[in-house]
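There are 2 protein chains.
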Amino acid sequence: MLKLNSNFSKFQQNYLFVTVRNKVNEYKAMHPEKDVISLGIGDVTQPLVPAVIDAMHRAVDEMGKTDTFKGYGQDFGYHTLRNAIIENDYAAYGVKLSLDEVFINDGAKSDTGNIGELFDIDNTVAVCDPVYPVYIDSNVIAGRTGDLIDGRWSKLIYMPCVAENGFVPELPEEKADIIYLCYPNNPTGAHATLDQLKRWVDYALENGSILLYDAAYSAFISDGLPKTIYQVDGAKACAIEFKSFSKTAGFTGVRCGYTVIPKDLQFDGQSLNAMWARRQSTKFNEASYISQVGASAIFTEEGKKQTLDTIAYYKKNAHTIKSGLQKAGFEVYGGENAPYIWLKTPNGLTSWEFFDELLEKTQVVGTPGSGFGPSGEGYFRLTAFGSAENTEEAVRRIVCAF
Amino acid sequence: MLKLNSNFSKFQQNYLFVTVRNKVNEYKAMHPEKDVISLGIGDVTQPLVPAVIDAMHRAVDEMGKTDTFKGYGQDFGYHTLRNAIIENDYAAYGVKLSLDEVFINDGAKSDTGNIGELFDIDNTVAVCDPVYPVYIDSNVIAGRTGDLIDGRWSKLIYMPCVAENGFVPELPEEKADIIYLCYPNNPTGAHATLDQLKRWVDYALENGSILLYDAAYSAFISDGLPKTIYQVDGAKACAIEFKSFSKTAGFTGVRCGYTVIPKDLQFDGQSLNAMWARRQSTKFNEASYISQVGASAIFTEEGKKQTLDTIAYYKKNAHTIKSGLQKAGFEVYGGENAPYIWLKTPNGLTSWEFFDELLEKTQVVGTPGSGFGPSGEGYFRLTAFGSAENTEEAVRRIVCAF
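Line by line, the protein sequences are chains A and B. Each residue of the first sequence is one higher than the one before, counting from 1162 in this note's numbering. Each residue of the second sequence is one higher than the one before, counting from 1162 in this note's numbering.
Please note that the accuracy of each hint is not assured.
Just so you know, same-sequence chains aren't split out, so a pair can sit in one copy or run between any two.
[Unchecked claim] Straight line, CA to CA, 25 Å or less: simulated BS3-like cross-link-like pairs of lysine-lysine: (1) K1488 / K1226; (2) K1226 / K1171; (3) K1226 / K1466; (4) K1388 / K1184; (5) K1476 / K1359; (6) K1505 / K1164; (7) K1465 / K1171; (8) K1164 / K1316; (9) K1388 / K1522; (10) K1505 / K1476; (11) K1171 / K1476; (12) K1184 / K1476; (13) K1477 / K1226.
By construction, these hints were calculated from the structure, which means they are not laboratory data.
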């Protein structure tokens, strides 16, 4: 008789963004005349840049001719793309990587979710609180979290990220084996300095821990803050880094990103790089060729310029939201080196109360902070990924209503 | 201190096709003047059909304009594509499915590999022998296989598929909880009749087992044999089906397929459909929009006709290989309702000995049967996915050399 993975029954709720979508759909069905603006789920809205579009058209044409047709890919991603990543995202910041340390994927969600397969069930996991739900939920499925009691998983180490510590957590008192960090941070919009990251690298090296560093939003950094964890000495021996073209270049529907696993990353004499290579050859067959060619075009001269323009567009939105809300008297964080604005809910409202009130009064959709963890209660996330018009209109409505 | 998943260290060799590739690259480096023909890895060679190319160009154009840009997808796959699948791949064969029973993915390898996350580690797994390595290797990683002893995993049930049983296994004597079946079969090229599949459905229903049915090659069926396991009464209560556009329409580099999880599939009062929906929302973000639009075009009138032409091209290759080898005195199986030809190695050679001899004498690359499992020893797989010219030349060389 088949036995199921009983960890699934521990979930007490839907995946956060499914819940948000369901609530919004319900509201729209009841109020079909209302113009709902979503600054919620963190999806981008601006089209792919011309350099990417042109490259993808060329790739599609190649797929239509016998001589240039491409089937299965080039081991763990086309070399052109991997070399462009190494040169532009690493060498440019003084970090040396070799080709086989970069694994192309179909977006950071898959790899941040699946990376846990490399580790034993019996490891202590630490997460920032609030946090991107995938880190926790994938560990729930794997069986590392214990049970959900009063909104907290019994075996997880929660590291509160609050205004008082600038949303960069203290080192945990208990020993953590697996530590998820995400900077620029989703959902708080905070970034960590090189010194702050160094404390974590030192901790990991000292305790034999691994850092799972999600840098999916690194394109939004403009203050000289670290673009990759490997700018910290020693990080190659204790950190895996995840990056994505989703937010860098609007690839949420194109699906392409990458994971860096340095060959220095050895535990018990085993190479995590070799283990991940085995995992990927067994369970994955690369991102679409067309997506990979599109991603390569991001790194051409034209592509870089055009992509920066789109990032600047979103950063302007972030500024619009942040300054508008500040003027309206909200307590607001993030939005400088990140596409996320993190605000304190007014009048002691819970995050979901504020979600309902905001939707009701302004038809603006955001994401309740408590959906990202206990320390997110009383906070609320807005994203800068809307159109400029929608963003301005949303801010106008919020300022009027509150 | 981080503890690794110790199951990875149980692997004694590379993923099969990586080993084949390494050996071929070695040979090419030593003999740069030789013209190597690969009928090995099962990758397609013919370009995407015009209907798909046109659709993908339109999709790329949509991604370049604000009004038509697409970000994150439509829950578990675009409805257009899912409806086309339901109508053409199921309703046409008398099988009714609803939209939320079809999950679009980035190819069957990911889902056949990841589906095990729904099940407890403590289940007995049965596989056909020989078998597509992903079924076993993903269970090794999960910890369900025990140890590799003399080329056999100690906790697996191997179900020999040999000439004597027409490469369709007997029901196992031990109770199996999870049973992998693949028809048309990779690597033997055999197909199962409705009656043969019914025995398995009856077994699963009686024993509370689940069938994981891989039908990635169903496009090659032309003898009125079952196109889907759901043509068998009762299968919806015991089977998950995996299909792919990789071999149907040359999508090995495009990455799109689908998994069917009927809502009737309930164990312990839990819906596997709901569990998989939770798994996918947590760890996956859909196939590329462009790939999904391309896949939808396979189901247009033009797309169907053009796709059938490509399948006919490969089936002709299969016939060329099979009849050629038969004339040369080989014992040959498969190749009728499948793109795979399964031959008995001559003169008592082992599979790898024949691999080396074939490469040495004819520069033709195939896949050693023993790489697919113990009962594959003494067999060898050739694929029909080459160009017609290469296939004819390969057969000519083999006939001359043996």
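Right, here's what the structure says about each hint:
no.: 1; hint: K1488 / K1226; result: neither (58 Å within a copy, 34 Å between copies)
no.: 2; hint: K1226 / K1171; result: neither (50 Å within a copy, 42 Å between copies)
no.: 3; hint: K1226 / K1466; result: between (31 Å within a copy, 18 Å between copies)
no.: 4; hint: K1388 / K1184; result: neither (36 Å within a copy, 40 Å between copies)
no.: 5; hint: K1476 / K1359; result: neither (27 Å within a copy, 59 Å between copies)
no.: 6; hint: K1505 / K1164; result: neither (44 Å within a copy, 39 Å between copies)
no.: 7; hint: K1465 / K1171; result: neither (44 Å within a copy, 44 Å between copies)
no.: 8; hint: K1164 / K1316; result: both (24 Å within a copy, 16 Å between copies)
no.: 9; hint: K1388 / K1522; result: neither (39 Å within a copy, 53 Å between copies)
no.: 10; hint: K1505 / K1476; result: within (20 Å within a copy, 64 Å between copies)
no.: 11; hint: K1171 / K1476; result: neither (38 Å within a copy, 49 Å between copies)
no.: 12; hint: K1184 / K1476; result: neither (28 Å within a copy, 51 Å between copies)
no.: 13; hint: K1477 / K1226; result: between (43 Å within a copy, 20 Å between copies)
When each numbered hint is compared with the structure, violations occur for hints 1, 2, 4, 5, 6, 7, 9, 11 and 12.
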